[in-house]
Amino acid sequence: MKKNIFLLAALIGLGMGTTHAQVQKGSVLIKNATVLTITKGNLESSDVLVQNGIITQVGKNLTAPTGISTIDATGKYLMPGIIDAHSHVGLDVVNEASAPITAEIRMKDVVNPYEIGIYRALAGGVTISHAMHGSANVIGGQNATLKHRWGSKDPADIIMQDAPRTIKFALGENPTRVHGRGNGIQPRSRMGVEAVIRNGFNEALQYKKAWENYTLAKTQKGNTSTPPTYNERLQTLVDILDGKIIIHCHSYRADEIYMLINVVKDFNIKKLVFQHTNEGFKVAPEIAEYTMGASVFADWWAYKMEVYYSTAYNAAILQKNGALTSINSDSAELIRHLYHEAAKTQRYGGLTDEEALAMITINPAKQLGIEDKVGSIEVGKQADLAIFEGHPLSAYAVPQMTFVDGIKYFDRNSDQLDQRQWVAATEMVEPIHLRANEEAHRCMQDVDAYFEAFQGAFFSEKH
Amino acid sequence: MNRILTSFCATLLALLPLMAVAQIDGEFVKPRNGKFLLKNATVVTVTKGTLNNTSVLLENGKISQIGTGVTSSDAEEIDCTGLFIYPGIIDGGTRLGLVEVSSVPETVDYAEIGNVSPNMQALTTVNPNAEAIGVTRVSGVTTVLTVPSGGLFPGTAALINLNGYTPDQMYGGFKAVAMSFPSSGRRGRFDRRSDENIKKDGEKAMKEASEIWENAKSYLELKNSGAELTYYPEMEQLSKVISGELPLLIEVNAASDILNAIKWVEEKNIKVIFTGVAEGWRVADQLAKSKIPVVTGPVQALPTRASDRYDTPYANAGMLAKAGVKVALRTDEEENVRNLPFHAAFAAAYGLGKEEALKAVTINPAEIFGIADQYGSVEVGKRANLIVSTGDPFETRSQIQHVFIDGYRIPMSNRHIRLYQEFLERSPGLNAN
Amino acid sequence: MNKQFLKAGMLGLLVAGWLSQSVWAQSDPTGKRRVTSTYAITNATVFKSPSDPGSKATILIKDGIIVGVGTSLTLPKEAKLIAGDSLFAYPGFIAGAGTMGISKPKDAERPKDFVSSNPPDEIAGITPWRAAADFYTASSSQVEDWRKAGFTISQVIPDGGMLPGKTAILVLGDSKTNNFLNNNAAVAANFRSSRSMYPATLAGVMAKFRDVYQNTALVLDHERMFATTTGVKRPQVSPTQEAMKAVVQKQQAVLFTAGSELEIRRAIALQKELGFKLILTGLENYESVIDLIKSSGTPVLIKLQLPDEKSIKAQKSEGVTEATKAQYARVKEAYDAALKQAALLEKAGILFGFSTADAKASEVHQTLKTMIDNGLSEKAALAALTTNPATILGISKVAGTLEKGMLANLILSTDTLFKEETQIKHVIADGYVFDYEIKKKSQKTDTSAVKSENPSNAISVEGVWEYTSETPAGSSGGEITIKRDNGVLGGTITYDDPSGSGKASAPIKNASLTGKTLSFEFEVSAGGMSLSVLISGEINGKSMDGALSVPQMGSFPVKATLTSPNLAN
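Residue numbers (the working numbering), protein chains in the order written: chain P, 1 to 463; chain B, 1 to 433; chain V, 1 to 569.
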């Protein structure tokens with residue numbers, strides 16, 4: 001079926017990029033839904049027409065052009081595909097925990113399109129996830145923004161190629177534990193965390209200058225200056241300083257959040273999003289003024305010291321202080337019901353439907369730099385859509401269908417039981433995972449492997 | 001300055017009580033006992049239908065009257081027009097009160113050293129002032145089973161109400177000995193044992209469990225025959241299960257383990273409750289046939305196998321109930337027990353239905369724990385554990401307005417709410433002026 | 001290195017070998033030296049190349065070279081005759097990327113100022129300057145095993161981390177010399193991380209690979225400037241960069257081990273990004289990347305081993321649920337697909353040979369037969385064993401066919417190669433003749449093979465075993481000494497001390513030998529805790545394959561070899 005669509009599209013010569021020819025784009029007309037556009041209000045009994053992966057019309061009584069199938073969504077809700085600004089689903093590696101700065105690491109290198117978590121996320125209406133490096137390092141690796149095109153075998157096909165670059169930073173307990181306490185190198189304290197970042201940026205400035213000098217000298221006659229050492233770690237920091245990369249910083253306490261705001265001010269960096277940000281509520285005015293906001297948990301707290309003084313009202317306080325706020329999962333479990341996580345902002349702080357839904361659609365889109373492409377139902381945007389039975393903010397809501405680029409990847413009514421993309425030819429008994437929920441939290445994955453085997457066993461922590 | 005005052009006060013207070021006038025702003029609201037008349041609510045009794053425009057009178061810690069014309073001259077009246085009254089919600093399995101900050105070992109008290117420690121009492125270590133208790137109860141969860149974990153027989157679980165200053169004040173009248181049934185499942189990502197070894201380990205653990213059980217049986221027989229036995233608290237506690245004094249709470253999740261567990265308890269003639277039961281849906285008919293009640297959850301959980309349909313954990317409770325299993329729900333949580341109503345909503349949406357889901361967190365756990373005469377529904381004579389909500393308490397948009405536990409009116413505040421109050425409009429704001 | 005140069009180099013090595021022999025070997029008191037280096041295989045059915053339908057001919061070889069193949073050859077007097085009338089002659093097999101005869105380099109010592117975030121290359125598994133040639137032992141029993149299976153030339157890869165070193169290409173000839181054709185062939189690479197230091201993960205390995213590559217390119221720029229301009233500072237070239245120059249200059253290929261589809265994609269992505277010459281090896285699952293392999297023009301060496309059939313045989317037909325049947329079907333589907341993959345490569349026209357790494361020599365015949373039963377043509381199978389690897393390894397001028405002028409590498413079998421009952425009677429490698437006993441196959445079952453290998457059926461475990469174990473923290477190992485006292489098994493085990501460096505030792509407890517399974521326990525102290533560790537494994541000859549399990553942590557594969565058997569019992 002999918003193959004046919006691909007062939008058809010190829011025949012009529014529709015937008016088939018040469019580099020990623022496998023990325024499929026679909027056409028469909030969804031009729032009579034309550035359309036939650038996010039940016040343009042709610043439209044009762046309305047239709048959305050998708051052609052070749054793009055939303056081309058939104059309105060009433062639309063008719064399907066020839067060859068485009070129609071889906072009747074009477075009584076159902078249609079919303080933009082949910083965007084998770086913090087996930088580790090679809091990655092073979094999460095942490096390269098061996099150095100306090102590993103900016104050269106690319107999560108795009110280790111994307112695994114076979115991971116069942118991608119399908120499970122789709123079944124929760126999630127079409128885009130921000131597949132992040134873990135939080136072991138002060139400056140971790142570069143993240144990948146994924147589009148959940150389930151069934152693709154090529155990692156390049158699930159990477160959102162038109163999303164800007166982002167990078168993971170991490171403050172507080174995790175980097176100080178791994179490097180300071182675990183390995184005896186800076187940082188061991190939150191002072192050290194600041195120093196590592198400042199050192200990194202200053203070295204990056206020197207690196208930039210060295211290359212500029214060399215490039216200039218090379219063009220001169222009789223040049224004798226030789227090329228500096230190539231260092232992708234520092235080059236990546238240069239790119240951050242040049243505004244080419246959005247920082248997404250794992251952070252919990254207000255003091256460390258405030259610290260990073262001061263650091264980026266000093267280096268004139270504008271693109272900064274805080275992740276988790278459990279004490280963000282304490283510095284909400286600063287986050288609102290100086291950053292691209294915060295991406296937070298709905299209600300997680302108390303699993304470690306730095307989240308003990310948290311409040312489930314965090315998102316509401318941030319929102320009401322004008323900070324751009326999104327709700328994320330950081331978990332292969334939570335990612336399946338982000339609509340419900342967003343709904344908790346109504347219990348804790350009484351946010352409106354629009355505010356709550358924006359936190360899993362247009363707001364994370366802005367934080368990932370893709371708001372011109374996705375995050376709302378508007379003509380011209382990519383057709384990432386989710387159909388719900390029941391309002392998505394109801395605890396009883398059940399996602400029905402999920403589309404990426406107009407292609408339906410999940411349909412509750414025709415769901416195949418076994419969705420595994422790959423089965424080992426030598427599998428005797430399928431593994432049963434009785435602690436699946438604990439394993440869902442992978443912010444510190446691969447760190448334990450990095451430490452010695454026996455210590456590793458006693459080294460389990462969530463975020 | 002404050003510190004100086006405090007130390008002064010410490011010494012002076014005793015001598016000069018009248019001088020203790022350090023300035024303190026604000027007033028701390030405590031839980032309050034009394035006689036309360038909840039007027040004109042829609043009462044969802046769970047066991048006796050839904051009653052409109054009905055008032056409920058609480059006195060002496062009990063529900064004393066329910067009706068349309070209930071009045072009282074000396075009760076504090078709370079207007080509940082447009083509001084809904086539900087019984088207090090019960091979580092059938094948590095670690096609430098046993099842990100404060102899970103990554104700080106000094107604050108984690110639910111696991112003891114040793115494989116056989118049924119004599120470890122969860123109730124002993126319940127911290128009545130754990131932050132999570134205040135955070136939980138305003139969600140409408142008034143009562144939880146708090147359960148030790150770790151070895152084969154990790155300890156004795158206790159039912160607690162989420163109000164009180166001592167564990168005894170909180171104790172809800174039900175205890176059970178916990179058991180982690182030997183598992184044939186993989187323990188996690190790091191468990192790379194071969195299938196054969198997992199099976200072998202499982203058999204070995206099963207054999208060990210049976211030996212311990214026989215030991216406890218001998219202990220009880222000899223004790224009953226009047227023998228003077230050496231102090232043996234582990235066997236003393238296990239023998240209470242054999243004698244029927246305490247039920248056995250068996251944590252079991254993999255399908256094959258569930259079948260083994262059913263077989264294991266078959267001829268034992270003891271009171272058994274299964275907990276977890278993540279793969280119960282695979283063996284629902286056998287479970288129903290065994291008549292063993294089940295406390296299942298968390299509902300918001302990942303499937304146990306990669307090939308499973310994505311929604312099996314949501315649908316598990318519904319499939320069990322449909323097969324005829326008596327089902328209660330649990331979160332298996334510590335700090336986020338407050339999410340139990342939402343777990344129930346997911347179970348409801350994926351097959352259990354709203355009515356059964358409500359029962360699964362009220363009257364069903366009360367019946368499974370043998371305390372339905374006091375808990376689980378809004379009925380005259382039962383404990384005054386109830387909540388007043390703006391709507392369906394399983395919905396996130398509903399607000400819980402009042403919570404009563406054992407007749408105490410619970411202040412609708414906790415640290416999460418106080419931080420909201422303090423920081424919503426911070427002063428100073430962005431600029432210091 | 002251009003081909004001519006390569007050939008000259010190889011001949012040089014060969015000539016050196018002959019000369020040294022003739023000068024030194026005045027006499028041989030062992031009485032084992034061969035009398036002649038000239039042989040004639042008379043009137044055999046000869047298949048000169050994969051496309052040759054076969055015809056009767058005599059093959060004359062002298063000093064390691066085929067000097068003639070034909071029906072009217074004049075045979076010199078010194079030629080020792082081998083009656084080939086009932087035999088079938090094929091070019092000797094060529095294997096890519098093997099590990100036969102390769103020993104592990106000694107672990108480098110950690111410097112005092114070691115930091116795990118920036119370890120020295122040698123410790124981090126970045127040793128492209130190492131040569132497999134320096135770690136190769138021609139007299140290894142593994143070399144014997146593979147020769148017996150028909151292999152006469154192999155590429156060998158050094159043992160190590162992400163860039164373990166340069167591969168070597170050698171003839172599996174006389175075991176007294178090393179017989180290299182090229183001791184500086186492709187640079188080996190794989191996605192193996194250093195685990196406890198940078199690069200600790202696959203992501204780190206990919207970043208580090210780029211770093212090494214780019215800085216080698218810059219060093220080359222620097223050297224060019226230094227050579228042409230005065231006043232330029234002296235280039236400082238690290239051993240890693242020195243060794244990688246040939247790769248950056250595209251004179252030497254990178255031989256990348258990539259077993260799975262994702263690894264294959266990652267290796268090709270790196271190649272596309274950086275532009276080096278790539279050969280992929282160790283391919284196990286590649287069905288969905290065949291188009292990619294084809295379009296990238298990458299030659300591949302697939303693993304000469306198919307998935308274990310155990311899981312398929314274990315599938316029960318009765319008493320299982322529909323759900324289990326569905327699961328079985330998925331596994332069966334995957335299994336069947338795995339068998340067909342080689343045929344798909346042929347269909348796609350991809351140049352492929354075989355890698356013998358992690359494969360069992362004794363199963364080669366069956367593996368090839370299964371591939372043929374699943375669609376691979378016999379012609380393509382023979383090409384994958386001869387002409388294809390010769391092309392991939394750049395030795396087709398001297399090897400791959402059975403023709404005049406080629407190295408005297410050939411196989412003499414009892415029937416055409418891929419028949420069930422065909423056995424190899426002689427392998428001629430480097431002009432040396434190796435004879436094998438032809439067994440009468442009364443039963444075709446696997447058990448007969450096992451029995452014949454171990455006729456007494458008695459398994460001896462006493463002695464010193466060297467073991468390695470793969471854990472999440474990397475591989476570790478030590479020695480297991482097994483003794484039998486009054487019939488009771490016991491002994492000691494050494495292991496990497498978890499609380500520091502070096503080895504710790506512990507007594508073995510509860511040791512037992514049931515059938516072929518040896519199991520025992522020992523205690524490890526770590527972080528103030530004591531862990532009980534169980535090792536259990538199946539013994540086959542002098543090797544043991546099994547698992548090391550730790551309660552609450554899991555189980556990890558362990559392999560052991562009986563290095564000094566105690567023959568006293």
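Calculated from the structure, these hints are not laboratory results.
Each residue gets a CB set at the ideal place from its N, CA and C atoms; glycine is no exception.
Don't take every hint at face value.
Output of the computed footprint for chain V on chain P, the stretches with three or more beta carbons under 8 Å from beta carbons of chain V [said to hold, decoys possible]:
#	stretch
1	101 to 108
2	144 to 155
3	229 to 239
4	425 to 432
Hint check results:
no. : hint       : in the structure
1   : 101 to 108 : holds (count 5)
2   : 144 to 155 : holds (count 3)
3   : 229 to 239 : holds (count 4)
4   : 425 to 432 : holds (count 5)
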